[in-house]
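Just so you know, the protein sequences line up as chains B, Z and Y, in that order. Residue numbering for the first sequence follows our numbering, starting at -11 and increasing by one per position. Residue numbering for the second sequence follows our numbering, starting at 2 and increasing by one per position. Residue numbering for the third sequence follows our numbering, starting at 3 and increasing by one per position.
To be clear, the hints were calculated from the coordinates, so they are not data collected in a lab. Built from N, CA and C at the ideal position, the CB exists for glycine as well. Wrong hints could be hidden among the right ones.
Partial list, derived from the structure: chain B residues whose beta carbon lies under 7 Å from chain Y [what the hints assert, rightly or not]: (1) Leu203; (2) Leu671; (3) Met765; (4) Ile769; (5) Val779.
Stretch-level coverage of chain Z by chain B, calculated; a stretch enters the list once three of its residues show a Cβ under 8 Å from a Cβ in chain B [as the list claims (entries may be wrong)]: (6) 226 to 238; (7) 266 to 280; (8) 298 to 305; (9) 314 to 327.
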Amino acid sequence: MTVATRALELPHTHVAAEATGLWSWVTTVDHKRIGILYGVTAFGFFLLGGIEALIIRLQLARPGNTLVGADTFNALFTMHGTTMVFLAIMPFGSAFFNYLVPLMIGARDVAFPRLNALSYWIFLIGGLFLNASLLIGAPPDTGWFGYANLTTRPFSPGLNVDFWLLSLQILGASSIIAAINFIVTIVNMRPPGMTLMRMPVFVWMTLVVQFLVILAFPAVTVGLIFLMFDRFFGTHFYDVAAGADLHLWQHLFWIFGHPEVYILILPAFGIVSEVLPVFARKPLFGAPVVIYSGVLIGFFGFGVWSHHMFATGMGPVADSAFAIMTMLISIPTGVKIFNWLATLWGGSIRGTTALHFAVGLIATFTIGGLSGIMHSSPPVDLQQTDTYFVVAHLHYVLIGGSLFGLLAGAHYWWPKITGRLLDERLGRLTFWLVFVGFNVAFFPQHYLGAMGMPRRIYTYPASTGWGPWNLLSTVGAFGIGLGILLFIVDAARSLRSGPRAPADPWDGRTLEWRTSSPPPPHDFDTIPPVYGRDTFWREKHGDAQGRKPAPLPPAPDPHGIHLPAPSHWPIVVAVGAGLAAVGALTHLALVLLGALVLLYGAFRFAFEHRRDPAHADQTGTTGIDHRKMAIWAFLGSECMLFGTLIATYLAYKGRSVTGPHPHEILNLPLTTLSTFDLLMSSLLMVLALAAVQRGDRGQARLWLLGTAVFGLIFLGFQAYEFTHFVHEGLTLQQNLFGSTFFVLTGFHGGHVALGVLWLLTLWVLDVRGKLSTLDAMKVEIAGLYWHFVDVVWIVIFTLVYLVP
Amino acid sequence: MGTSGRARRLSRLGLAGATSLLAGCGWNGPQTSLVPVSDFAREILHVYAIITWAAIVIAAVVVAVLGWVLLRFRARPDAALPRQIRGHALLEIGWTIAPALVLLVIAVPTIHVVFRTQGAPPAGALEVIVRGKQWWWEFSYPAYQITTANELHLPVGRPAVLRLEGDDVIHSFWVPQLGGKRDVIPGRHNQLSFTPDTPGTYLGQCAEFCGTSHANMLVRLIVEPTDTFERWMASERAPAAQPQSGPAADGAALFAASACVGCHTVRGVSSGVIGPDLTHFGGRATLAAGMLPSTVDNVTAWILDPPRIKPGVKMPALGLSEAQARSIAAYLLSLK
Amino acid sequence: MSDPSTVPTRPAPPDAPVAGEHASVAVYVKVAVILTLITAMEFSAIYIRQLTPILIPLLLVMSAAKFALVVLFFMHLRYDSRALSFIFAGSLTIATAIALALLALTGQLLHFQR
């Protein structure tokens, strides 16, 4: 027995048994439990989305079929797509991020455990809200991509689209919060010795995905806000008669939508990069290159979105630019595949179920990637987009890519998470059922697309000749279903009576195998040392020269480890959000109630550990406070939010069909004064921070209040301006200028208002003597938010008011 | 047909062969995108063939290597640890450059075709205004001042430019054999320009989800010799037929007295613009945007209860009796 | 009660060189004065007819200067860890590039530059 594994055999007798029972799960902040919650919930939604798919396939199995009607079918494919993307694949990824990332970097939890729980509960609320639409017979039915103007009230008068846009915004909030959490965790909680390049590739892919999330979601959030305002408040963002450009929705959606597909695939790539080396008993070939290519894919993923719009008439220059960018992205993707092949080459390959799925991914993702390259050529894409050819492509990359990767991960990490082994024979049968079923279901769809079958049609005549291939595809789909059923059987048997799993059943390479299966609540008795990439492997087998590291000192008493305390405030905040969403569809009073519950929950959340000295200093291994890093990540996200809001304002400038127009109504002198006021408020803010850091309570109180007051003055200016505009005939509904101006400056004003609330809270704390030098970081964070709001106004002032 | 034509024919054969290989079936269905009948479609297929062959070769190589590796390097019992190779710089460079070169081969013809197929249409091109509506197509020919619906006629060998205009939501005009699709976007002015080169009747349908009956928005594009086209145009320009006796005459009277006139135009009788122009409805092979052949039974059924045939359709059931509907059908079918 | 950061405690490295660890109040006031001056210049520039041909680039440069001053000094990025600059600058770059692309794609970039 090696030194490393001996450490794992120490009994954890000193650790209190982990709490069980429903309430302990409702209030859990343990990353492992949250991971399980995500995984189980995602699987439930996955089954729902799968049933929706099977009904779709049954309807299409024969020409002229009448199993479901047109509207039902349209709702089915909308719900199937939305569910699989947002409620299944993404949260599956989150399940793995949650469970594995802290273990893989030798941390005991994430940077913000309660925020982690909040992300999960908001996700659950969002998923339930979306599916509640089924219960009242108004499921979304305009596609998972919801193109305007079909989604505007004149063409979709029911509640369907409202359910869709509200739940997407809720889900987006969940994702962004989680992303900030994981960015801080990965960057700031690595143990000594684990440089970024020594992190497992799965952790790297997770990090890239989180950056994609914080930068991509704001774009669709803005697009959805515009749709929401059009539907609820009569604005004209997607109103052609008022001068709107329907490309706007598509741009905003795909600026999110394309990075989203990398959000969906990179975790699977990360999993494959972990699974292949373990079961080939060789390191990942070219690990740094695999990492860099993941980063490149993420970065370039922001530059290709309009390849979803080749048929929309953007013109040859735009078409060519996006075609080239899209082709370029296939290079780092191909590089990964070659590195995986080289990992297997010369290895000693054990055909476990996890390996089967990982290898299956290589084969099917290659096909999906190649059909993607076909789409990258606009002329060819004009025959393929919006047909079953692209349906084939997207399922090859999302099932053959994402799902296979996730199933590989599920089989690989099952022993670690559950402490039991799955049945390898059942697992291999599952794989073959899913693999064959999948190819039978989707390969013929390439042909169907080439034969002219468009997407999103509920039926087709027999004369098209599409019937037999659709029938074949349906058979394959049921094959997939059978495979998944088998997986459920395997999982159930394992949980009930499967053989117990040792800490390291696969002779793994990464740190999660260095603790028991399942890990104790505190993850590790001692934080493991890091000697390089594949650090655990080196401990067991030695490095290239066969040297093994020195033995570890005995583990300290785990009783000394403090774990994050459970909390019920995350679920309260999530419930508040859910209430507000329900209120948006029913009664304003419920919106207010939901907002109040949310705010109350948020305040209690924020103050819960106010008196805990351990919370005062949250410095991470980079020397940066967790909260400071988090706020900067959040501000990065806000750059995208305001960037797209401002770009929309400018894109729509001069397109209003009726007046008033900007030059007729904007008051430059007054706005210059309010700009000056906001700039000075930033000065007061830094003075306040300096005072708190010095311990000068009197000055702190003065400057904090001063900043808040200056903020209120700015809001006063804005209120005056808005009222004056309305009197002059410029309302939110009047024209395109009214829509873009009020939404842009209104959202900015909303940010100011929240900032004022934040500052006044700090001021009240100070007045009651509860703000000391130890709390300086809290003031610094508030200051960063405040200055950012100021900086956004600098941009708005110039581009909206000054530029003619 | 010169060398470029031969190359095109070869590439078309190559693409068809490739697809057949994969599909085990023919490449020639009613809405196939692999049998071109216009310059636009041929340009596309040229690039399509290059990319398809490249994709097939790459896929075959990767899958073959994968299969071989899995067999050759299976774990053997009591095997020693394999050599822990971490990477190889030259290989990395090699398999970065190789895909880049393949992409170059794809990119160059792509960009050429993008620009060649999106240029200004030649002078003297036949202009057709295509209006996509939920869930039918209106076609008008400004030069001839006629408007029709769902069936589009073009003369072979003459450049055509379709100006795509939207009245309600986004649609997409797609007749695969004539070329790629182009979206119909309200507020924007997209266009498709091509020269059809083979007479025939070609089918297509809307390719952008546009609501309940998106699946029921079919197009028939008839390419015909110039004299046939001129004859068709002459009959389209002629005034509407006025049946003197029989059920058709009864139908005519009923039509003129019913709500029909509020939505439909029959030149000389009514001028509604919400539904398709019916002046020469009898000359069309299908109704309800290609859903059914235009027989007296089908037209009668449609008039009696349109939403039963086309879910969500804006035309309501007018509460007519079977006999009344049948006579209007007879009238409409007489409007040749 | 809880300590999510379980790294063996060692003194946190200082965020910035001790000398400029926090910009002094004097520096802050100076920055505030410059911000005021630039704002005044921006406002006046609108009314100076001779500046019209270069007005838009001029305004963009001036507002960029204000932006930079607030971020570097008030938000302390000049004195803080490079990791934070990376996070913010990376996001800002992507956001700006996408905003510009959006303007170009909607044909407004030319309009804007007129």
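Each hint, compared with the structure:
{"no.": "1", "hint": "Leu203", "in the structure": "holds, 6 Å"}
{"no.": "2", "hint": "Leu671", "in the structure": "holds, 4 Å"}
{"no.": "3", "hint": "Met765", "in the structure": "violated, 11 Å"}
{"no.": "4", "hint": "Ile769", "in the structure": "violated, 11 Å"}
{"no.": "5", "hint": "Val779", "in the structure": "holds, 5 Å"}
{"no.": "6", "hint": "226 to 238", "in the structure": "violated (count 0)"}
{"no.": "7", "hint": "266 to 280", "in the structure": "violated (count 0)"}
{"no.": "8", "hint": "298 to 305", "in the structure": "violated (count 0)"}
{"no.": "9", "hint": "314 to 327", "in the structure": "violated (count 0)"}
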